[in-house]
Amino acid sequence: MAKYRKLGRRSDLRKALLRNQVTALLNHGKIRTTEAKAKEIRKIAEGLIAMAVKEKDNYEEVTVKAKVARKDADGKRVKEVVDGKKVTVYDEVEKKIKKDLPSRLHARRQMLKVLVPVKEVTDGKKKAAKEVDLVNKLFTEIAPKYEGRNGGYTRIVKIGQRKGDAAMEVFIELV
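Position one of the sequence shown corresponds to residue 673 (this note's numbering), numbered consecutively onward.
Don't read these hints as lab results, they were simulated from the structure.
Take the hints with a grain of salt, since some may be wrong.
Keeping only pairs whose Cα atoms sit at most 30 Å apart, straight-line, the calculated BS3-like set for lysine-lysine is [to be verified]:
| hint | residue 1 | residue 2 |
| --- | --- | --- |
| 1 | LYS757 | LYS799 |
| 2 | LYS702 | LYS768 |
| 3 | LYS715 | LYS737 |
| 4 | LYS791 | LYS728 |
| 5 | LYS797 | LYS728 |
| 6 | LYS751 | LYS785 |
| 7 | LYS702 | LYS739 |
| 8 | LYS785 | LYS802 |
| 9 | LYS767 | LYS702 |
| 10 | LYS728 | LYS687 |
| 11 | LYS726 | LYS739 |
| 12 | LYS675 | LYS702 |
| 13 | LYS751 | LYS726 |
| 14 | LYS728 | LYS751 |
| 15 | LYS678 | LYS757 |
| 16 | LYS785 | LYS799 |
| 17 | LYS809 | LYS726 |
| 18 | LYS678 | LYS715 |
| 19 | LYS687 | LYS751 |
| 20 | LYS809 | LYS791 |
Just the calculated beta-carbon pair ranges, DEER-fashion [to be verified]:
| hint | residue 1 | residue 2 | range |
| --- | --- | --- | --- |
| 21 | VAL736 | ARG682 | 22 to 30 Å |
| 22 | ARG821 | ARG677 | 21 to 29 Å |
| 23 | ARG682 | GLU792 | 27 to 35 Å |
| 24 | PHE843 | VAL759 | 24 to 32 Å |
| 25 | LYS751 | ARG691 | 19 to 27 Å |
| 26 | PRO774 | THR735 | 19 to 27 Å |
| 27 | LYS791 | GLY836 | 26 to 34 Å |
For glycine and all other residues, C-beta sits at the position ideal for the given N, C-alpha and C.
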């Protein structure tokens, strides 16, 4: 018996399809697909969520000194003349950042192997599209939601047969 469904595709196409659908599921929380695809998506998505839950608090806060450009009331950088050249004025600021411990960093890289980069379009303009950090979303939003739960992070709900080929369609959603 096979360990996975082949879904009638070559391996490269199958991997791309599953990566895209897992990314869409984690980004939107719910997608519509066929039953066979949903069962494969479930395996991958639940593994990623379990990894995020396990490594959620595995970081340390570090104070870092950073140089930040001084800005005026209009939000523009303040320039100063030094030796006949205009130079931007910088201030030193202390910031607290989260530094991943090795196991969380490894988990982050494993997630990045599966997840596809997502851009969210705002105002209907492609130029105003913002990159969505799904790995950060997994650690900060999704993992705390499932902290006390042992698996079963997704639900498959059958919605009937598709009109064209009578394939069973389902919604797969995060519980």
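Hint check:
1. LYS757 - LYS799: Distance of about 34 Å is beyond 30 Å: violated.
2. LYS702 - LYS768: Given that 30 Å is the threshold and the Cα spacing comes to 34 Å, the pair is violated.
3. LYS715 - LYS737: violated (42 Å)
4. LYS791 - LYS728: holds (24 Å)
5. LYS797 - LYS728: violated (34 Å)
6. LYS751 - LYS785: violated (43 Å)
7. LYS702 - LYS739: violated (42 Å)
8. LYS785 - LYS802: Since the Cα atoms of LYS785 and LYS802 sit roughly 21 Å apart, the hinted pair holds (cutoff 30 Å).
9. LYS767 - LYS702: violated (36 Å)
10. LYS728 - LYS687: Within the cut-off at roughly 27 Å; holds.
11. LYS726 - LYS739: Distance of about 34 Å is beyond 30 Å: violated.
12. LYS675 - LYS702: holds (25 Å)
13. LYS751 - LYS726: violated (47 Å)
14. LYS728 - LYS751: violated (42 Å)
15. LYS678 - LYS757: Roughly 64 Å separates the two Cα atoms, so the pair is violated.
16. LYS785 - LYS799: holds (26 Å)
17. LYS809 - LYS726: Measuring from Cα to Cα gives roughly 15 Å; hence the hint holds.
18. LYS678 - LYS715: holds (14 Å)
19. LYS687 - LYS751: The given pair, whose Cα atoms are some 51 Å apart, is violated under the 30 Å limit.
20. LYS809 - LYS791: holds (14 Å)
21. VAL736 - ARG682: 22 to 30 Å: This hint is violated: roughly 46 Å between Cβ atoms.
22. ARG821 - ARG677: 21 to 29 Å: holds (26 Å)
23. ARG682 - GLU792: 27 to 35 Å: holds (30 Å)
24. PHE843 - VAL759: 24 to 32 Å: This hint is violated: roughly 58 Å between Cβ atoms.
25. LYS751 - ARG691: 19 to 27 Å: 46 Å Cβ-Cβ, so the 19 to 27 Å window is violated.
26. PRO774 - THR735: 19 to 27 Å: Roughly 20 Å apart at Cβ, these two residues keep to the hinted range, so it holds.
27. LYS791 - GLY836: 26 to 34 Å: Holds - the Cβ-Cβ distance for LYS791 and GLY836, about 30 Å, lies within 26 to 34 Å.
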